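Knowing the structure of chain A, use the given hints to seat chain B on it.
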Amino acid sequence: MTYRFGCLVGITPISFSFASLDVGSGTNYAAGYYKHADVPNEFNPLINFGTADNPYGAHLFLVSAGGGVGDTVIKVTGTSWSTTTHTRSAVDSENITIVSGEAANTFHRTTKDWIGAVSIELQSGPDVLCNYGFCNTWTNLGRAWTLKGFRATWQGDGNDAGTDVVLYHQKSTGWTYNAGAPADPPLLYSMQTDYNTEYESHNDEFGCYSREGLSVVVDASLGEGIVAALVQSGSRPFGNGTLMLGVFNG
Amino acid sequence: MTYQFNLKSRENFGFDSLVVDAETWDTFYVGGYYDFFDGNDDFSPGAVSFGTANSPYGAHLLVVQGEALVDEVTLKVSGTSWNDETGVRTAGDDEDIVIGSASPVNSYYQTTKKWIGTVTIQTAGGTAKNFNYGWCEYFNKQKHQFWLKGFRLTCYGDYSSTSGDFVVRHHKATGWTYNAGAAPTPPTPLGRFTTDYSTENDVHDGDHFSWEDQSLSVQIDGHDSEGLIFEVYEGVAGGDRPYIAGNIEYSLSTSA
Chain A
1 MTYRFGCLVG ITPISFSFAS LDVGSGTNYA AGYYKHADVP NEFNPLINFG
51 TADNPYGAHL FLVSAGGGVG DTVIKVTGTS WSTTTHTRSA VDSENITIVS
101 GEAANTFHRT TKDWIGAVSI ELQSGPDVLC NYGFCNTWTN LGRAWTLKGF
151 RATWQGDGND AGTDVVLYHQ KSTGWTYNAG APADPPLLYS MQTDYNTEYE
201 SHNDEFGCYS REGLSVVVDA SLGEGIVAAL VQSGSRPFGN GTLMLGVFNG
Chain B
1001 MTYQFNLKSR ENFGFDSLVV DAETWDTFYV GGYYDFFDGN DDFSPGAVSF
1051 GTANSPYGAH LLVVQGEALV DEVTLKVSGT SWNDETGVRT AGDDEDIVIG
1101 SASPVNSYYQ TTKKWIGTVT IQTAGGTAKN FNYGWCEYFN KQKHQFWLKG
1151 FRLTCYGDYS STSGDFVVRH HKATGWTYNA GAAPTPPTPL GRFTTDYSTE
1201 NDVHDGDHFS WEDQSLSVQI DGHDSEGLIF EVYEGVAGGD RPYIAGNIEY
1251 SLSTSA
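Residue numbers (our numbering), protein chains in the order written: chain A, 1 to 250; chain B, 1001 to 1256.
Note that these hints are calculated values from the structure, not bench results.
Certain hints may be false.
Stated by the list, open to error - Calculated lysine-lysine pairs in the BS3-like style (CA-CA distance at most 30 Å, straight line):
1. A:171 - B:1008
2. B:1172 - B:1114
3. B:1141 - B:1172
4. B:1172 - B:1113
5. B:1143 - B:1113
6. B:1114 - B:1143
7. B:1149 - A:112
8. B:1008 - B:1141
9. B:1008 - A:112
10. A:112 - A:171
11. B:1172 - B:1149
12. A:171 - B:1149
Since this is a predicted model, take the numbers as computed values, not measurements.
Looking at chain A on its own, in the form it has when it is part of the complex (with noise of 0.2 Å):
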């Protein structure tokens, strides 16, 4: 059976703009996006995360090198934002607990959403070295659906040898920590990957990165979602883009 968005009842299509960064090389994102920081950290002492009071409206998440012996507890501290009460906190905290002995890679994320810079620091237990950063997804209000398809389109607004449209299931599997370089967030599709050769983009010409028949389930009640990556590692790959998410609530 072929899912065409559009085509099969339950199907509803869900999109979003995207465009480069105005930058020579970097990250962008479409329906949510990852700030992660460049290397791992233990936390103690204590470091402050993200810019104050930039809007960030995301969670703090950690991906840890392994838990040590005897549970470690981090704290962070910020100003909280609740998008189901409507509810700013300033000064709030939330503890995360790496559990005695976790394997390494092991995906930790607070509940609450942080806006500002925050800061993290161990409260209790053994050193353990995490990535860290912020993550805000596209979670469809927190229900659990399934993903039939995608579609990016964009115009090439200019030429860039090393694109890549990258699609990410955020979930709390399928991480792994890098020493010394940002977490790798759970890989759904990637363009460069299907794509093989012919994945470069050129000024004024259009691309399209699109793959049906998908039948991934997103639980949004356990904190999953999407995320798209948009690669560039040249100047403005990536004009006018449209990312159209095939979705099936169910």
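The following block gives chain B in isolation, referenced to the frame of chain A:
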């Protein structure tokens, strides 16, 4: 298996900052727009022209009453109309806005028709009084009643701005304020970014950001000239562009 998309749905609108040279404080709209005349007029004697020739506004003409009336006032709006239900363009069309003598100051009226290009507005009956006026175009879910259950903004900061803002507006006929010599004030918004976040509302070059509120349940009578408009303030001077690849997503429902 649950089929919910008829009960709850999403509407997404993308946006980027404007590229302008001269404006000092840039404001633009997403999913609709307001375009107000910065002042007022009594449309008498003679007709007042509004809008740029051949500009495809596709919008209703609105007026906000600025003075008490002494009799029934008829405002005649003339121009080229566009009917988005029949797909018919009508040159030389007109519509009367008839306002009863008891209508109080700050009352809001709009044409049922949409207009493209320049229109003229003239007091065609009664004693002329001052009004604010302008264009309005809004998302009304194909003229259906719906409930706004929430919204989610995501965006990338491409230039630092500590004075920007985002506003979710419920376009409706009540809650307007006439302003002499200036544009009218629309109804109190459903959400304002700088109010919600209070302090953490500075956009920084190179940082993503998000604003989400899913606590709402606001009835929008799209079948009765109501709708949604997303208003964006850049808060920076000149052609600097703080917002890249912005998306505003409305969460909608067919019931409360």
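Hints, verified against the model:
no., hint, verdict
1, A:171 - B:1008, "holds (24 Å)"
2, B:1172 - B:1114, "holds (16 Å)"
3, B:1141 - B:1172, "holds (14 Å)"
4, B:1172 - B:1113, "holds (16 Å)"
5, B:1143 - B:1113, "holds (14 Å)"
6, B:1114 - B:1143, "holds (14 Å)"
7, B:1149 - A:112, "holds (20 Å)"
8, B:1008 - B:1141, "holds (13 Å)"
9, B:1008 - A:112, "holds (24 Å)"
10, A:112 - A:171, "holds (16 Å)"
11, B:1172 - B:1149, "holds (17 Å)"
12, A:171 - B:1149, "holds (25 Å)"
Checked against the numbered hints given earlier, the structure satisfies every one of them.
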